[in-house]
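*Asks:* For reference, the chains in residue letters:
There are 2 protein chains.
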Amino acid sequence: MCQLLGMNAKNPTDLTFSFTGFAQRAGRTGDHVDGWGMAFFEGHGVRHFVDHQSAMKSPVAELIRRYPIKSTNVIAHIRKATQGAVALSNCHPFVRELWGNYWVFAHNGNLVGFDARLHSHFHPVGGTDSELAFCWIMQELAKSHAGVPSIQEMTLTLRELAARIARHGTFNFLLSNGDALWAHATTQLCYTERAWPYSMVSLSDEDLSVDFSQHTSPDDKTAIIVTAPLTSNETWVPFAPGELKAFVDGQLQAF
Amino acid sequence: MCQLLGMNAKNPTDLTFSFTGFAQRAGRTGDHVDGWGMAFFEGHGVRHFVDHQSAMKSPVAELIRRYPIKSTNVIAHIRKATQGAVALSNCHPFVRELWGNYWVFAHNGNLVGFDARLHSHFHPVGGTDSELAFCWIMQELAKSHAGVPSIQEMTLTLRELAARIARHGTFNFLLSNGDALWAHATTQLCYTERAWPYSMVSLSDEDLSVDFSQHTSPDDKTAIIVTAPLTSNETWVPFAPGELKAFVDGQLQAF
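Protein chains in written order, with the working numbering: chain A, 89 to 343; chain B, 89 to 343.
None of these hints come from the bench; they were simulated from the model.
Incorrect hints may have been included.
Claimed, not checked - DSSO-like mimics (lysine-lysine), calculated; alpha carbons at most 27 angstroms apart, straight line:
id, chain 1, residue 1, chain 2, residue 2
1, A, Lys158, B, Lys168
2, B, Lys168, A, Lys145
3, A, Lys158, B, Lys145
4, B, Lys158, B, Lys145
As the list claims (entries may be wrong) - Listed next, the stretches of chain A that the computed footprint assigns to chain B, with coverage defined by at least 3 CB atoms under 8 angstroms from CB atoms of chain B:
id, stretch
5, 207–216
6, 251–261
Don't be surprised by glycine CBs; every beta carbon is placed ideally from N, CA and C.
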């Protein structure tokens, strides 16, 4: 199984602190050593980093821990291979373009007997069940909407599509196009919302604390979505099985 | 205008030496300061780095100068903005998926009045003429072939498509799917082939030499394609206007 980390923020925010804790699970506090990846939206542009080395050893991950890339939507993934070899083409997150938006997707889980018929323009490059599921979602979205739908409409369509794939196994995923971040859980995902007044928070996976009030303004809002809580003194709300949530401007949406 | 750098190699090879010289053109020996990008194929997987900072200042470019990523096909680009704002979504190279392959594209030049009709699944995310041309090429390739064609067939199709775009202006580009690297010039591109026995070569843009015979084996072959010669003591063959060449396993192909 793998682990997921997502961030949706109102203002461009760096994820250095959370990624530092998360990366510990790639060898030190977890065994997710079969590659990692991370995508940062800046507007509709994407920086996409993948490596088949573990996030503890990768020089690229080391760069990200030191270089604060500010972004409004981030998706990170550390991999423990279940299907597909340890290879760059199997590292999440995956990226595709649809309607002139980049779409970024990462999955935690294992799908069995998910034999989707791909009859459109989206095909996997690697050999994972995850990339196959992503290509199928892109195909079905392209069929459902002529152009980028509203975030609410998109949420309703995704809810239907996710339920169809989830019949085949564990399907926790994160998806973003830079405007919103969608998160779906069948087994394990939780989120926290950070807003003014910020306080001191402490990582669960490493002996490190940061006082967010020193680095933030009253206008900042950030939601963090992750497989297992990253900090020991924040409120992490677990997803119910089958829940799909949308986050915009650092806040959970009601629909 | 921008500058292009491509590598096609028989065996995974790092481009640290050539990129060090190339990156000097982003501020020191050239004025290509409006972003840069680089994509490395490992098999059919891709590492894709883009930054809207110059390649001289970018921490990501600094990482690439120090961290030898071994690859068989590399495309790099340093940008001097002509069309489109300085933004991440306008940084080359661009990546799209077609037939289960990633395709990587970078362009040097300026297209005027190229108003391609995009009626398929490929749409630009940013605002450059370059990404529009790339999306049109992907669309036309998808119409011309049902699946990945042979490299020779692909070369013939690309030659026709490139000629149609080149009517609109300067269209020097590099394209790869990990199996081959295609290069097209209307004004400025040259290449060199490095093979056994290797010797000492010296960068034109920086006071740096490397003795490739110390780092290579008799089985290695590498072709380097670049806007202007990178070294002062190798033979660089200029492209004729309108030429499209294919490189496979580090060698220029005859077709």
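*Asks:* Hints first: check each against the structure and report whether it holds.
*Replies:* Do the hints match the structure? See the list:
no.: 1; hint: A/Lys158 / B/Lys168; verdict: holds, 23 angstroms
no.: 2; hint: B/Lys168 / A/Lys145; verdict: violated, 35 angstroms
no.: 3; hint: A/Lys158 / B/Lys145; verdict: holds, 17 angstroms
no.: 4; hint: B/Lys158 / B/Lys145; verdict: holds, 23 angstroms
no.: 5; hint: 207–216; verdict: holds (count 7)
no.: 6; hint: 251–261; verdict: violated (count 0)
In summary, the structure is inconsistent with hints 2, 6 from the numbered list given earlier, while agreeing with the others.
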